[in-house]
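Residue numbers (this note's numbering): 5 to 100.
No lab work stands behind these hints, which were simulated from the structure alone. Because the structure is a prediction, the values reported are computed rather than measured. Mixed in with the good hints, there may be bad ones.
[Stated by the list, open to error] Pairwise CB distance ranges (calculated):
| no. | residue 1 | residue 2 | range |
| --- | --- | --- | --- |
| 1 | Tyr32 | Pro54 | 17 to 25 Å |
| 2 | Leu20 | Gly60 | 26 to 34 Å |
| 3 | Thr28 | Pro61 | 26 to 34 Å |
| 4 | Met5 | Gly60 | 17 to 25 Å |
| 5 | Ile16 | Thr53 | 34 to 42 Å |
| 6 | Ala66 | Thr40 | 24 to 32 Å |
| 7 | Gly70 | Ser17 | 23 to 31 Å |
| 8 | Ile30 | Leu63 | 20 to 28 Å |
Glycine is no exception: its CB is placed at the ideal position from the N, C-alpha and C atoms.
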Amino acid sequence: MITTDLMHALAISVVLLAQTPETTWIIYAASLGQGTAAVIFRPAAQAHTPAVVGVGPLLSSANALGAFTTGVVGRRRVRRPSTARPELRTQGPERA
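Throw the hints in and build the complete structure from the sequences for me.
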């Protein structure tokens with residue numbers, strides 16, 4: 005987990021090297037590195053939770069808190085505009 009944290013720091017700091025349009029590829033490489041580190045870190049952190057809080061009643065609270073924070077902070081979903089799939093659009097009151 006320490007190694008993945010160092011990978012995160014390295015990936016984010018490499019972004020500072022992209023200062024011209026020709027070096028924007030560095031941002032994509034840094035994003036790939038950061039995403040790879042996150043894929044490794046999250047399961048390791050979840051597996052380490054019972055060792056930190058024990059297997060008693062605090063485990064369910066810790067799992068709930070971890071699921072909430074991962075759902076709120078860890079996921080970045082980009083929604084497509086409604087024009088992407090017109091068959092899924094609903095008619096509002098102005099179109100009725």
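Quick rundown of the hints versus the structure:
Checked against the given bound of 17 to 25 Å, the beta carbons of Tyr32 and Pro54, roughly 37 Å apart, lie outside it. Range check, Leu20 to Gly60: about 45 Å between beta-carbon atoms, so the 26 to 34 Å window is missed. Checked against the hint of 26 to 34 Å, the pair Thr28 and Pro61 fails, with Cβ atoms roughly 50 Å apart. At about 23 Å, the beta-carbon gap between Met5 and Gly60 stays in the expected band of 17 to 25 Å.
The hinted range of 34 to 42 Å is not satisfied by Ile16 and Thr53, whose Cβ atoms lie roughly 25 Å apart. One distance hint, 24 to 32 Å for the beta-carbon pair Ala66 and Thr40, holds here, with the actual separation near 26 Å. Checked against the hint of 23 to 31 Å, the pair Gly70 and Ser17 passes, with Cβ atoms roughly 27 Å apart. The hinted range of 20 to 28 Å is not satisfied by Ile30 and Leu63, whose Cβ atoms lie roughly 41 Å apart.
In this structure, the hints that do not hold are numbers 1, 2, 3, 5, 8, in rising order.
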